[in-house]
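**Q** Sequence:
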Amino acid sequence: MNKSRFIASGLLLLVTLTGCDTAKPASLAMTGNAKAADAQSIPGKTSYSGRLTAVVETAIVSRVSGRVSGVHKDVGDTVNPGDVLVTLEQTDLAAQLNSARADLAAAEAKYAEIKRGTRAEEVRAAQAAYEQAYERYLEAKKGKRPEEIAKLETGVLDAKTALDAASVKWNRAKQLYNQGALAKQPYEDAELALKQADARYANAKSDLALARAGSTPENLRALAATAEQMKALLTKAENGAIPEVKAQAAAVVDKSRALVDAQTYNLANSTIKSPSKGIVATKTVQTGELASPAQPLMTIINLDEMYVSTSVPEQELLHIKTGQHASVRVESLQQTFSGAIKSISPKAEPDTNKFTVNVLLANPNHTLRSGMTGIITFTTP
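Just so you know, we're using UniProt numbering here: the sequence shown kicks off at 1 and counts up by one.
These aren't lab readings, by the way, just hints derived from the structure by calculation.
None of these values were measured; they are calculated from a predicted model.
One or more hints might be untrue.
Said to hold, decoys possible - Heads up, simulated BS3-like pairs for lysine-lysine below, C-alpha to C-alpha not over 27 Å straight-line:
(1) K277 x K342
(2) K195 x K160
(3) K246 x K231
(4) K160 x K205
Work out the full structure: start from the sequences and follow the hints.
**A** Now the structure itself:
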């Protein structure tokens with residue numbers, strides 16, 4: 001009887017111990033990276049804790065600097081490609097673009113004129129200017145002809161006669177004015193006529209003296225230099241612009257066009273649009289603030305697909321591979337999601353000596369959110 005009780009007690013103890021072995025493991029701590037205590041293995045399965053992030057997360061930055069004139073989306077708003085997120089003040093940018101376009105038009109007109117070459121009427125004008133300058137030089141070099149000198153001598157005599165007549169009239173007007181028999185205006189007119197006659201006489205004598213003496217060496221050199229300058233201008237007009245001048249004009253056009261392109265780029269990028277669909281996750285800009293390429297304005301995440309990232313020790317890499325099925329338990333939602341391993345890092349993390357594994361989850365209803373934690377279970381051989 002005692003022996004039977006002993007056997008029965010032993011069988012009961014065996015059944016109790018077997019029941020303990022088949023109990024489910026406790027939930028793992030939900031941290032961003034798995035630690036040694038975060039992993040638990042049962043035959044055919046290994047679990048790790050991980051953190052969820054959106055597969056597509058876009059930082060919105062301004063490509064140009066400027067003051068913000070409007071912020072059109074807020075945190076939580078749904079956006080589509082092309083939706084306007086932020087606008088910058090555009091008055092100065094538009095003015096700079098118009099100025100650059102005007103400079104480009106002027107540069108292109110100048111370049112077109114140089115390429116077209118000198119017109120026929122310009123060549124004729126240059127020819128006439130050269131011939132006139134050369135004739136002056138020859139005339140000065142030869143000196144005045146006798147008949148020209150005789151004409152100048154006659155001019156001196158005529159000027160002297162006119163001066164004498166003006167002097168007589170002025171003396172008579174002065175006497176009458178002093179006697180009170182002549183008004184002031186006629187007297188002043190006579191005085192002005194005397195001064196003009198005296199100036200004409202002086203000029204006539206000077207012209208005669210220069211004609212008799214001939215041109216000075218300095219005057220001849222100046223006239224010769226002028227003639228050479230006119231000849232150079234004529235040659236340029238006949239031959240057109242030299243290649244260097246054309247190249248310089250073309251370079252100015254290229255520089256002006258580049259400036260127009262830059263100003264067009266700045267104006268176009270003063271309206272900041274969403275590059276993809278998603279939800280505004282963060283917003284760090286307000287109207288009136290300065291925006292720059294170094295400062296993110298918003299963050300947009302696409303919740304259609306999510307990554308769950310965890311860290312796996314090297315001894316477990318033999319049991320997992322890309323494309324392998326994995327389940328993710330999110331305790332905050334009390335739901336389990338099915339996914340697959342998307343990537344395995346080829347390099348271990350220096351501080352933990354573990355490898356990052358990303359599990360891809362479809363999230364069509366946006367139930368999962370970036371930052372949630374979950375328990376990843378890999379099915380292993």
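**Q** Next, verify each hint and record whether it holds.
**A** Status of the hints after comparison with the structure:
1. K277 x K342: holds (22 Å)
2. K195 x K160: holds (13 Å)
3. K246 x K231: holds (21 Å)
4. K160 x K205: Distance ~10 Å between K160 and K205 Cα, so the pair holds.
Taken one by one, the earlier hints all hold for this structure without exception.
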